[in-house]
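A.B. asks: If you're matching them up, the sequences are chains A and B in order. With this note's numbering applied, the first sequence covers 1 to 275. With this note's numbering applied, the second sequence covers 1 to 275.
In short, the hints are calculated from the structure, not lab data. Idealized CB from N, CA, C, for every residue including glycine. A few of these clues could be false.
Unchecked claim - Pair by pair, the computed Cβ-Cβ distance ranges are:
(1) 164/A - 272/B: 34 to 42 Å
(2) 274/B - 238/A: 45 to 53 Å
(3) 235/B - 51/A: 49 to 57 Å
(4) 130/A - 57/B: 48 to 56 Å
Claimed, not checked - Here's a subset of chain A near chain B, in silico, CB distances under 8 Å, partners left out:
(5) 152
(6) 155
(7) 159
(8) 163
(9) 169
(10) 248
(11) 249
Protein chains: 2
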Amino acid sequence: MNASATRSLPIGVFDSGVGGLTVLHAIRETLPNEDLIYLGDTARLPYGTKSPASICRYASQATARLQEQGIKSLVVACNTASAVALDELRQQLDPVPVIGVVEPGATAAVELSPGGKHLVLATEATVILGAYRNAISERDPNAEVRELACELLVSIAEEGWSNGAIAEDIVRRYLEPLATMAFEPDNIILGCTHFPLLQDAIRNVVPAGTTIVDSASTTAAVAAHLLADNGLLNERAAAGRLRLLATDGATRFARVGGRFLGEDLAVEDIELVDL
Amino acid sequence: MNASATRSLPIGVFDSGVGGLTVLHAIRETLPNEDLIYLGDTARLPYGTKSPASICRYASQATARLQEQGIKSLVVACNTASAVALDELRQQLDPVPVIGVVEPGATAAVELSPGGKHLVLATEATVILGAYRNAISERDPNAEVRELACELLVSIAEEGWSNGAIAEDIVRRYLEPLATMAFEPDNIILGCTHFPLLQDAIRNVVPAGTTIVDSASTTAAVAAHLLADNGLLNERAAAGRLRLLATDGATRFARVGGRFLGEDLAVEDIELVDL
Chain A
1 MNASATRSLP IGVFDSGVGG LTVLHAIRET LPNEDLIYLG DTARLPYGTK SPASICRYAS
61 QATARLQEQG IKSLVVACNT ASAVALDELR QQLDPVPVIG VVEPGATAAV ELSPGGKHLV
121 LATEATVILG AYRNAISERD PNAEVRELAC ELLVSIAEEG WSNGAIAEDI VRRYLEPLAT
181 MAFEPDNIIL GCTHFPLLQD AIRNVVPAGT TIVDSASTTA AVAAHLLADN GLLNERAAAG
241 RLRLLATDGA TRFARVGGRF LGEDLAVEDI ELVDL
Chain B
1 MNASATRSLP IGVFDSGVGG LTVLHAIRET LPNEDLIYLG DTARLPYGTK SPASICRYAS
61 QATARLQEQG IKSLVVACNT ASAVALDELR QQLDPVPVIG VVEPGATAAV ELSPGGKHLV
121 LATEATVILG AYRNAISERD PNAEVRELAC ELLVSIAEEG WSNGAIAEDI VRRYLEPLAT
181 MAFEPDNIIL GCTHFPLLQD AIRNVVPAGT TIVDSASTTA AVAAHLLADN GLLNERAAAG
241 RLRLLATDGA TRFARVGGRF LGEDLAVEDI ELVDL
């Protein structure tokens, strides 16, 4: 395929569910002219509780489905799949560039505060995998990293209760161990794609000087740089198109996903696919 | 098999995850001498978002696994599977009696308040299936039923935050629509196996006269009656044994499941099985 044809292809975005729509939203804000195709593997979520072998198989099937549609790059907007399957997906899609959601957040945090203190808020699965801890330590051996599993923040975001007293009380309770550890982070990394929705609640609870590193917008920025560096940016002036695929539950996908994407979705906007 | 041999078999209990351990706990309290074998299909949870055909297939596989071990009755301690697959499982196990978790709660509520007002707190999947609404209406056409999907209560229970201000604030917020509806329930039915853990938080929030119908203890009572009626109660005096099987995630099963069972569990207490 010639360069011009490749440039006009969509960017593929893949997640186990709707959380990755915060990443899709950030990519649309950063690259409004690009066509985007999103695949949420809602039939098999959550990935976090599955074995690495299963996660690799699921991610590979989802990637193959997006590859069939023709994509010029893939964003793995799922922390679990980014931590477990990124190398395999890069081999599978080579030479199409693949961007995970862990590295951009880790890189941004390390650049903001070399030798600094980083607090990662994530799901239990991501904490157990040590995904951000490893990515930060590789980039900055002097960095101090603490990780907190905050499962309830996922449910709060999906329920649409991301703002207000209940969300802030939950964040405050999750952060209680920091006082005991005497750990005052420079940066808080939102290590779960659901957590950008809770950014305000988190900001209202943490000290004013703490920087919140949002892995959705950092991933979008990396995607923009990578496409530009490879001469793959879509050059047309019109707004890009969006296709949304899911493997199950279009009704819930539309209702909950709309919150994550930041616009109303109808059931008819979701194409069901079988992997 | 003769009657005496059958009496000494365990009761099988099946759920998609750890929630059914509240039912197991209630059965142990009611029938302390019975052997129990529990299977949590943690690899494939949650069932609520799966298609009815998938739920029936999963439930049937789990039931077959328990049947291989030899059981004298089966308790389907999963609201989704009870609503979708009970008839199929009864055919599969016939003549072994099968008890679901929806009917006992519905029956108890209707007996407590004939022609009364019932509020069902459940997961979104159970509400969409109308499981309790149908079961109550069949038993009492004059009953008024309202159902509220309370997804966050599942996560709060799994996180171990079932008591205290955050849990009560969440319950209060879920109950807000009742004021608008001018609906003052006689009974609140806990239509999710996770919710018995939240009984105190719910009681602290609702008017003093409201009865809380716990589907775990009502199911245990039905199981006890059914075994007695069929001459299947274990007649020995010693305490029953307990086996716990899961299809994935023994570490999390032990940690979270311990809260639901009401006793500490170690990873070694969980036998991993493949379905």
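A.B. asks: So, for every hint listed, does it hold in this structure?
C.D. replies: Cross-check of the supplied hints:
1. 164/A - 272/B: 34 to 42 Å: Hint holds: Cβ distance 41 Å, inside 34 to 42 Å.
2. 274/B - 238/A: 45 to 53 Å: holds, 51 Å
3. 235/B - 51/A: 49 to 57 Å: violated, 43 Å
4. 130/A - 57/B: 48 to 56 Å: Violated, since residue 130/A and residue 57/B (Cβ atoms, about 35 Å apart) do not stay within the stated range.
5. 152: holds, 5 Å
6. 155: The hint holds - residue 155/A has a Cβ within 8 Å of chain B, the shortest such distance being about 4 Å.
7. 159: holds, 5 Å
8. 163: violated, 13 Å
9. 169: OK, holds: residue 169/A within 8 Å of chain B, min 5 Å.
10. 248: holds, 6 Å
11. 249: Interface hint status for residue 249/A: holds (5 Å vs cutoff 8 Å).
Consistency with the previously given hints fails for numbers 3, 4 and 8, ordered from lowest to highest.
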